[in-house]
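Protein sequence lines correspond, in order, to chains W and P. Take the first sequence: its position 6, counted from the start at 1, is 6 in our numbering, and no numbers get skipped. Take the second sequence: its position 171, counted from the start at 1, is 171 in our numbering, and no numbers get skipped.
Because the hints were derived from the structure by calculation, they are not lab data. Even glycine gets a Cβ: it sits at the ideal position worked out from N, Cα and C. Some clues are possibly wrong.
Beta-carbon label-pair distances, calculated as ranges [to be verified]: (1) P:GLY173 / W:LEU37: 27 to 35 Å; (2) P:GLU132 / W:LEU56: 44 to 52 Å; (3) P:GLU154 / W:ALA39: 20 to 28 Å; (4) P:GLU132 / W:ALA39: 24 to 32 Å; (5) W:TRP31 / P:GLU132: 20 to 28 Å.
Here's the letter readout for the chains.
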Amino acid sequence: MSDVFFDGITCIRAELIEEAQNYVFRRHSRWKRYAGLAAGFLLTVCLGWNFVTVYLGWNFLPGLGSMSGGAETGAFSDNAAPTAESPELVGGADMGDTAEPEEIFEVFTEHCFTADVLEAGEGYLLVVPLPGNEFWTVADRVTVPTDGLAELPQILPGDQIEIVFTGEAASDSVTGVIEITVLHRQK
Amino acid sequence: MEDAQIIELYWQRDEDAIRCTDDKYGAFCHRIAMNILHSYQDSEECVNDTYGRCWDTMPPQRPRSLRAYLGTIIRNFSISRYRSAHAQKRFGGAEVLLSELEECVPAPESVQRTADANALGELISDWLEELETESRVLFIRRYWNGDAVKLLAEEAGVRPNVLTKRLHRLRDGLRRYLEKEGVTV
Numbered sequence: 001m002s003d004v005f006f007d008g009i010t011c012i013r014a015e016l017i018e019e020a021q022n023y024v025f026r027r028h029s030r031w032k033r034y035a036g037l038a039a040g041f042l043l044t045v046c047l048g049w050n051f052v053t054v055y056l057g058w059n060f061l062p063g064l065g066s067m068s069g070g071a072e073t074g075a076f077s078d079n080a081a082p083t084a085e086s087p088e089l090v091g092g093a094d095m096g097d098t099a100e101p102e103e104i105f106e107v108f109t110e111h112c113f114t115a116d117v118l119e120a121g122e123g124y125l126l127v128v129p130l131p132g133n134e135f136w137t138v139a140d141r142v143t144v145p146t147d148g149l150a151e152l153p154q155i156l157p158g159d160q161i162e163i164v165f166t167g168e169a170a171s172d173s174v175t176g177v178i179e180i181t182v183l184h185r186q187k
Numbered sequence: 001m002e003d004a005q006i007i008e009l010y011w012q013r014d015e016d017a018i019r020c021t022d023d024k025y026g027a028f029c030h031r032i033a034m035n036i037l038h039s040y041q042d043s044e045e046c047v048n049d050t051y052g053r054c055w056d057t058m059p060p061q062r063p064r065s066l067r068a069y070l071g072t073i074i075r076n077f078s079i080s081r082y083r084s085a086h087a088q089k090r091f092g093g094a095e096v097l098l099s100e101l102e103e104c105v106p107a108p109e110s111v112q113r114t115a116d117a118n119a120l121g122e123l124i125s126d127w128l129e130e131l132e133t134e135s136r137v138l139f140i141r142r143y144w145n146g147d148a149v150k151l152l153a154e155e156a157g158v159r160p161n162v163l164t165k166r167l168h169r170l171r172d173g174l175r176r177y178l179e180k181e182g183v184t185v
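With the rest of the complex left out, here is chain W:
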């Protein structure tokens, strides 16, 4: 009776035969199963680590405090003080955790230089930085914006001032001025 089946199968439709000859099997690779297990294990470890450091406040690696997202071992711990010149984000948000939102703030590095005032205009000062500053090697005219300052002492041309800023120092200007102090008044 199976002979009839053999003949019957011989007569199946040509398109089915073509499909079977051209089909490429998706290989059920065994390594995928192990890779899936390893990925699951890693995820569990990461989530567990995050839970321990964020919720329980345990810190196994103080030097890596900012990496673990721990609230009490943030970027301002002794070992992790920011030194980069550009602003950086600090806090637990970089781990993408689900803990209570922590404060996210920018850390700016302050710079200062001294300069002689050439011109004091509306919202700006034109100054000549004194030698010895870290930004300008030759005496040049630098525009210092004063718009954003909460407190600005009276400044006259010829005064020597100290300028504190957190922004960038270009060849002819600075940004992010936060404080200006008069060092010497013009006599």
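Since the structure of chain W is already known, use the hints to place chain P on it.
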């Protein structure tokens, strides 16, 4: 060369048609014959007979799929050779395939409906089309091509015993389908 061009050569009675067929489908035909007969010499004769049959039947035939056409012819030649020599116990390849296909025979209490090969082929095709692609391909590669379980398992990236169980479930499914359709053989 495209199938249509080879068929055109047959229609033009150009003997290159047989050479082109052998170049493109010679290995395929040999494998099917070997899977049934397990004898190189007999397979070679079946392949040559197949080319001769193609020469005789085209024209008037113009098959849509030359590969399926060749496969059907060589299966018929191979099983005929197997049956003629079966009494002498010369071949073992088809034995296994036929014994597995015994499981597809529906129960005798089914509604009587004699099925010839073509009608059965249509029913099996309908059933195959209901399957997911991989199962369909596995069934055809095993029972139409006659590929070994070990080879198929290697291609599919599963263990042979897993594939054996899967094929068993497929045969069981075919039997139930044929019973539902009221087929007896």
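*Which hint numbers does the structure go against, in order from smallest to largest?*
Hint check: nothing fails, all pass.
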